[in-house]
Amino acid sequence: MPDYADWTESIELLGSEVMVPFDVQGAYIQVPMDLQGSLIQMPVDIQGQYIDLKVDIVAQTVGSIAIDISAQSIGNLNVNIAAQTGNVNVNIAAQSGNVTINVAAQSVGVYLQPEWAAAQGTDKNFRASQAGLSFGTYGYASYAVPTGKTLYITHIGGYSYAHAVADADKNQIMAISIYDATAPGYLFETGGNGGAFANLSKPIRVPAEHTVWFMAWNFANHDCDVSVSVSGYEV
Amino acid sequence: MKGLHKLYTGDFNNMSVEVQPDGSRVVTLSKSGEGKVYRFRVKDLYGPNEEVLEDEEIKVETPKHVKKRVKEAMKDATTET
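Chains as they are written, first to last, in this note's numbering: chain A, 7 to 241; chain B, 11 to 91.
Honestly, I wouldn't trust all of these hints.
[What the hints assert, rightly or not] Simulated crosslink set (PhoX-like; lysine-lysine; CA at most 25 angstroms straight-line):
(1) Lys155(A) with Lys16(B)
(2) Lys46(B) with Lys78(B)
(3) Lys85(B) with Lys74(B)
(4) Lys12(B) with Lys69(B)
(5) Lys16(B) with Lys41(B)
(6) Lys85(B) with Lys155(A)
(7) Lys41(B) with Lys53(B)
(8) Lys41(B) with Lys12(B)
(9) Lys46(B) with Lys155(A)
(10) Lys41(B) with Lys77(B)
(11) Lys77(B) with Lys155(A)
(12) Lys46(B) with Lys16(B)
Because the hints were derived from the structure by calculation, they are not lab data.
Input sequences plus hints: build the corresponding full structure.
If you want it as structure tokens, here you go:
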């Protein structure tokens, strides 16, 4: 014998402003719901031992969807976003926490942006060289980022060696730098003896229509041949 | 002038610049999957008196003898398995 009476009730509400506090208690509940309106606000608080919840949202604009799931186990959580443009922001603000991503598929690639750019063919690689530079002079490559594009630089490296054999065993002090010639200023500098390089954990951003110089300097007290290489991507 | 056009539109993946003793630059541009390399010598690049002095398109092609060896090796690998 059931503990509750059986109910089937159709409800149709028409009004300019409708507010329906909804409290249903039963051993077995089915609630098919179809809401159509210019503005729908529907805070839903569901607490149960077992929940199967399918949500299909079709709207011109979706303000925000906050999902907080606290359960001992989750069967499947499928998120399928099919939009021409969009941003998916995952914001984790916790004093301590673990983010575990476990991809168990036969064929899956997880790329960082520079790697993805190389896979997609939007990577950019620059190299400049000049022979016989005297102390305090430089050789460089220049590049003007096209309109509508942004250049992100993730790596820079370079080398220097003596121009003359007689100087080959001396210190080959050199520097490499990135210079924005449109908004004059150095964006990055490093140097060393014979060469230097840097992998940038935060890419250097060069906006559209800025001309950037990739420079290799000689700071040895004799003539040197220098080279600079820069990698990144442009989107 | 196609090379210079590629440079200004950013239609390349790799850019190599060799600064010449007379101050001109030999610029080489290539793009993944494109069967051509664009090389040109330019004076005053990005400057008001920019001038392309030389311009050439180089076809990128695997030598026939290498192609033949690769084909043979692939055939052997298929036979062995």
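Which of the listed hints are not met by the structure? 6 and 11
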